[in-house]
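Residue numbers (the working numbering), protein chains in the order written: chain L, 32 to 417; chain Z, 483 to 937.
Source of the hints: derived by calculation from the structure; they are not laboratory data. Check the hints yourself; a few may be wrong.
[To be verified] Derived, one-sided and incomplete: chain Z residues facing chain L with beta-carbon distance under 8 Å:
{"#": "1", "residue": "Val-820"}
{"#": "2", "residue": "Glu-832"}
{"#": "3", "residue": "Ser-849"}
{"#": "4", "residue": "Ser-852"}
{"#": "5", "residue": "Asn-853"}
{"#": "6", "residue": "Ala-906"}
{"#": "7", "residue": "Tyr-910"}
[To be verified] Here are a few chain L residues that sit away from chain Z, every Cβ distance over 12 Å (derived from the structure):
{"#": "8", "residue": "Phe-62"}
{"#": "9", "residue": "Phe-63"}
{"#": "10", "residue": "Ala-78"}
{"#": "11", "residue": "Pro-94"}
{"#": "12", "residue": "Met-96"}
{"#": "13", "residue": "Gly-157"}
{"#": "14", "residue": "Met-198"}
{"#": "15", "residue": "Gly-250"}
{"#": "16", "residue": "Leu-270"}
{"#": "17", "residue": "Ala-310"}
{"#": "18", "residue": "Ala-330"}
{"#": "19", "residue": "Phe-401"}
Remember, predicted model here, so these are calculated numbers, not experimental data. Ideal Cβ placement from N, Cα and C applies to all residues, glycine included.
Each chain is listed here by its residues.
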Amino acid sequence: MKAHGTIRSAFEKGGRFERLWPLVDAAETFFFRLPVRTAGGTHVRDAYDLKRMMMIVVLALFPSMAFGTYNVGYQFYASAGITAGHLECLLKGLWVVVPLYAVTFAVGGFWEVLFALVRGEEINEGFFVTGALIPLIMPPTIPLWQLALAVSFGVVLGKELFGGTGMNIFNPALVSRAFLFFAYPKSISGAGVWTLTGGTVVDAYTMATPLHLGIEPKGEIIAHLSASGFDFWRMFTGLEPGSIGETSVIAILIGAILLVATGVGSWRIIVSVFAGGAAMALVCNAFAPSPANVMALPAHYHFVMGGFAFGAVFMATDPVSAAGTNAGKYVYGFLIGVLTVLVRALNPAYPEGMMLAILFMNLFAPLIDFVVVRLNMRRRRLRAAG
Amino acid sequence: MAYYRLKKGYDIRIAGEAEKHLERAPFPEAVGLCAADFYGMTPKPLVEGGERVKVGTPLWRDRRRESLVVTSPASGTVAEVRRGERRALEAVIIRTDGKQHSANLPAPPKRIGPPARDSIIAALCATGLFPFIRQRPFGTVADPLVQPRDIFVTAMDTSPLAPDQGLIVRDHEREFQRGIDVLAALTTGKVHLCVDGKPKESSFLADITNAEIHHFEGPHPAGNVGMHIHHVAPVNGVNDVVWHCTAQGVILIGRYFITGAPSFEVTVAVAGSAAARRRHVRTIAGAALSSFAEPSGEAGPVRCISGNVLTGRNAGADGFLGFTDTLVTLIPEARKSVFLGWLAPGFSLESVSASFVSRIMPRRRFSIDSNRNGSVRAFVATGIYDRLLPMDILPSFLLKSILAGDIEEMEKLGILEVAPEDFALCEYACPSKTDIQRIIRDGIDLMLKETRETE
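Based on the sequences and whatever the hints tell you, model everything.
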C-alpha cells in the first residue's frame with residue numbers, strides 16, 4: 032500500500048511523470064470507486080455515473096456478441112457444407128471475432144489514451160461502447176488493417192476532433208463503418224463479404240444477405256426469400272450471413288430490454304424508429320409496382336433484415352449524437368425509420384440504409400432540438416403576453 | 483382552491499428521518515448568522531467585536547437598500563465579525579447571555595391592511611424579519627421597495643429528510659393566520675398558500691383565511707416554491723416580481739405582530755443517518771449546531787449540514803443553523819474505496835436510475851455518505867434531467883445557454899423562474915457529476931448584475 036502511494040505521487044502534479052497522470056487515474060478509477068467527497072453542491076450524489084451507463088450498454092451488447100460469434104462459425108461450416116457442432120461453430124467464431132476486438136481496442140485505446148495525455152484530461156470510458164460496437168457492425172471478412180484504419184478514423188475524426196465523448200456530432204462507430212464504405216467499398220458491400228468461407232462454397236449455400244436477394248427478386252419477394260432459406264423466423268433468430276452482431280433480432284431484443292429497463296437507452300427513439308420504418312413500408316407497399324419488387328416487402332421483414340433492429344436499439348439511441356429533447360427524439364427516431372426503408376426501397380445499389388439514415392439524422396438532430404427549444408420559448412413568450 | 487399533481491421528480495431513499503417528536507433544545511451559547519444565507523444582499527457590517535447586542539439589534543445592512551437589515555436573534559456580545567476574501571463579511575457570531583432582551587424597536591402597526599403597507603414593511607425591516615421574505619425572479623431576499631404581484635407561502639417541504647410541517651405549524655395557527663394577514667396587506671394580488679397532499683388531507687391549515695390554498699402532490703421538488711409559482715401564476719419577466727415565504731417565516735412575522743417584539747424561535751428537525759438523536763427541536767435561528775445536533779459515536783467523520791442534503795450548507799460541527807433553515811442533516815463522510823464500484827450489483831446503492839438491484843426495493847432507506855460516486859465528465863444528454871424537473875423548462879438547454887453566457891437565450895429558456903434549489907435533484911442524479919446548482923447560480927448572478935446595472 033505504501034509503495035502504491037510512493038509510485039502514485041510520482042504521477043501527481045509536480046511529480047516526474049505528471050503527464051502520464053491520466054493513465055494512473057484511469058486504472059485507479061477503473062478498479063476502485065474512490066472516496067472523493069462532494070464539495071460545493073449537493074452533499075450526496077447518485078450511485079450512477081457514466082462508467083456505469085457505458086457498462087450497461089456493453090452488457091446489453093453481450094447477447095449480440097455471443098450469438099454473432101457463434102453465427103460466424105456456423106456460416107463458415109454451412110458454406111463449406113459441413114455439419115459442425117455448436118462448440119466448433121463457437122470456436123471458429125472466436126477465432127475470427129477475438130482478433131477483431133483485439134485490434135479495435137488496441138487501436139481505439141491508443142488514440143483515446145494519446146488524446147487524454149495530450150489534453151491532460153482523464154481517460155474517458157466512452158470508448159468501451161464504441162469499441163464494443165464497431166466489430167459488431169463489420170462483416171466477418173474485414174481485413175484487420177482496414178479495421179484498424181476505420182477505428183482510427185472513427186475515433187479521431189468522429190469524436191476526438193470534436194472534443195471527445197459528449198461533444199461529437201456523429202456516432203463514432205458509424206463513422207468507422209461509413210469510412211470503410213467509402214474508402215474500401217469492396218470490403219463492406221456486395222454479396223461476397225458477409226460470410227467467412229474456407230474457399231469453397233457449396234451450391235446449396237447462399238452467400239448473399241437477405242437484403243441483397245431482395246433487390247431483384249425472382250417472383251414474389253417473400254417467396255423468393257424463403258426459397259433461398261430466409262424465411263421470417265430464420266431471420267428473426269439470426270442464422271444468416273450479415274454483419275457480425277446484427278443478424279439475431281432475439282439477441283438484440285434482449286439487449287433492448289436491458290437498455291430500456293435501466294433507462295440507459297431511450298425507448299422513445301427505439302419505438303419511433305420502428306414506427307417510422309413501418310409507416311414508410313406501408314407507403315412503399317401501396318406504391319409497389321408488383322409483388323416481385325422490393326417495395327412490396329412488408330414492414331416486419333424490414334425489421335428482421337440487415338441492420339434495422341441493431342441500428343434502432345444500439346446506434347440511434349446513442350445519447351450524444353441523438354436529439355436531446357423528448358419531443359425531438361420521436362421525430363429523430365421516426366425519420367431514421369422512414370429514411371432506412373426509403374433507401375432500401377429506392378436505392379438498390381446499397382440496400383442497407385440504416386447506417387446512412389442514422390448518420391444523416393445525427394446531422395439533423397441539433398436542428399430538431401432547435402425547433403423544440405424555439406417552441407418552448409414561444410410558449411413562454413405567449414404566456415407573458417396573454 | 484386547486485389541486486396539482488406533479489409526476490416528474492424523485493424522492494431520494496435516504497435513511498435517517500427525524501422522529502415526529504418535539505422538544506426544547508438547550509439555549510445555545512453562541513449564535514451565528516452567515517451572509518451567504520441572504521442571497522442578493524451586499525452586507526455592510528454595523529457591529530464590531532465586543533459590542534453588546536439585543537434581540538433585533540442590526541448586525542449588518544444592505545449597501546443597496548439601506549432599510550434592509552439583518553438583526554441579532556439573541557442578546558449577548560459580538561464574539562467575532564468574520565470576513566473572507568476582499569474583506570467581504572462572512573458571518574457575525576454572538577456569544578449569548580441567555581436573557582433575550584429585546585432591542586428598542588418601534589411597535590408594529592395595530593391595524594393591518596393595505597393602507598398600513600408602508601409602516602408594516604418598515605416594521606418588518608427594522609426587526610430583521612423581512613429577510614424571511616424572498617422573491618422570484620432570482621431567488622434573492624425580497625426588495626422592500628418593490629410591490630409584489632403575488633405572495634406565495636410554502637407550507638410543505640418535499641426535500642430529503644424534510645421536517646414535519648405539522649410540528650412547525652401546530653400550536654402556532656394563530657400566529658400563522660396573523661402572518662398571512664400581514665402578507666396579504668403587502669400585495670395587491672393574492673396570497674397563495676401551497677400545502678402538501680390532496681385537498682382533504684392537510685387539516686392543520688384547513689381553516690386559514692385570507693389566502694388561496696393550493697394542494698401540491700408529487701415527489702421532490704413538488705414542494706419547492708419554484709414549482710408552485712410556475713404552476714399557479716408563473717413569473718413572466720424581470721419586473722414581474724413574486725414574493726415567497728416559508729411557513730416558519732410566516733409564523734415569526736405573525737408572532738411579532740401579536741406580541742410586539744421580534745422572536746426568532748424556530749422548529750428544526752435533526753435528521754440524517756449520522757445523527758445521534760433524530761427529532762424536532764425548538765431553538766433560535768442561527769443557533770450553534772452543537773447545542774442540539776450531535777453526531778452518533780460510531781459514524782466516523784460526519785458532515786453537519788444546515789439544510790437538506792441537496793441544497794444545504796456544509797456548516798461543520800462548530801457551525802450555525804442557517805437563517806431560514808428548519809433542518810439539520812448529519813451524514814457520514816465518504817472514506818472507503820469500493821472495488822469495481824461501477825460493476826457492483828448495488829443492493830445498497832441509491833440511484834434515480836434503474837441500473838442497480840436496489841431498484842426493486844422502493845421502500846428501503848439507504849445510509850448515503852458524501853461520496854461523489856464517480857468522476858466529472860462532459861455533459862451527456864441522458865435525458866435524466868427532464869425526468870426530475872416538473873416545469874415546462876428544458877434543463878440541459880438552459881444550462882448550455884448559461885455556460886455560453888447568452889443572457890437573452892437564458893431569459894427565453896426560463897432562468898427567471900428558477901433558483902439553484904430547483905435543479906438540485908438534477909445535480910444529484912447527473913451521471914457526469916456536473917455542478918448544476920453552481921451553473922444556475924452563475925446564470926442568475928449574471929442576470930442580476932445586468933438588471934441592477936440598468937436600474
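L/Met-198 clear of chain Z by more than 12 Å, beta carbon to beta carbon? Check fails; 6 Å does not lie beyond 12 Å.
Does the nearest C-beta of chain L fall within a distance shorter than 8 Å of the C-beta of Z/Ser-849? violated, 10 Å
Any Cβ of chain Z at or closer than 12 Å to L/Gly-250, or is the non-interface label fine? holds, 46 Å
Just checking, L/Phe-401 versus chain Z, shortest CB gap more than 12 Å? The claim breaks: L/Phe-401 does not keep its Cβ more than 12 Å from every Cβ of chain Z (closest is about 10 Å).
Mind verifying the non-interface call on L/Phe-63? Its CB should be farther than 12 Å from each CB in chain Z. Not fine: 4 Å to the nearest Cβ puts L/Phe-63 too close to chain Z.
Beyond 12 Å from every chain Z Cβ - status for L/Ala-310: Fine: 24 Å to the nearest Cβ keeps L/Ala-310 off the interface.
Against chain L, run the beta carbon of Z/Tyr-910 and see if the smallest gap drops under 8 Å. Since chain L brings a Cβ to about 5 Å from Z/Tyr-910, closer than 8 Å, the hint holds.
Measuring from the C-beta of Z/Glu-832 to each C-beta in chain L, is the shortest one below 8 Å? Because about 6 Å separates Z/Glu-832 from the closest Cβ in chain L, which is inside the 8 Å limit, the hint holds.
Measuring Cβ to Cβ, find out whether L/Phe-62 lies farther than 12 Å from everything in chain Z. violated, 6 Å
Least C-beta distance from L/Gly-157 to chain Z larger than 12 Å: For L/Gly-157, whose nearest Cβ neighbour in chain Z is about 9 Å away, the distance does not exceed 12 Å, so it is violated.
Taking the closest pair, is the beta carbon of L/Ala-78 still more than 12 Å from chain Z? violated, 4 Å
Over 12 Å from every CB of chain Z: does L/Ala-330 meet that, or does the non-interface label fail? holds, 27 Å
In terms of the numbered hints stated before, the structure departs from hints 3, 8, 9, 10, 13, 14 and 19, listed from lowest to highest.
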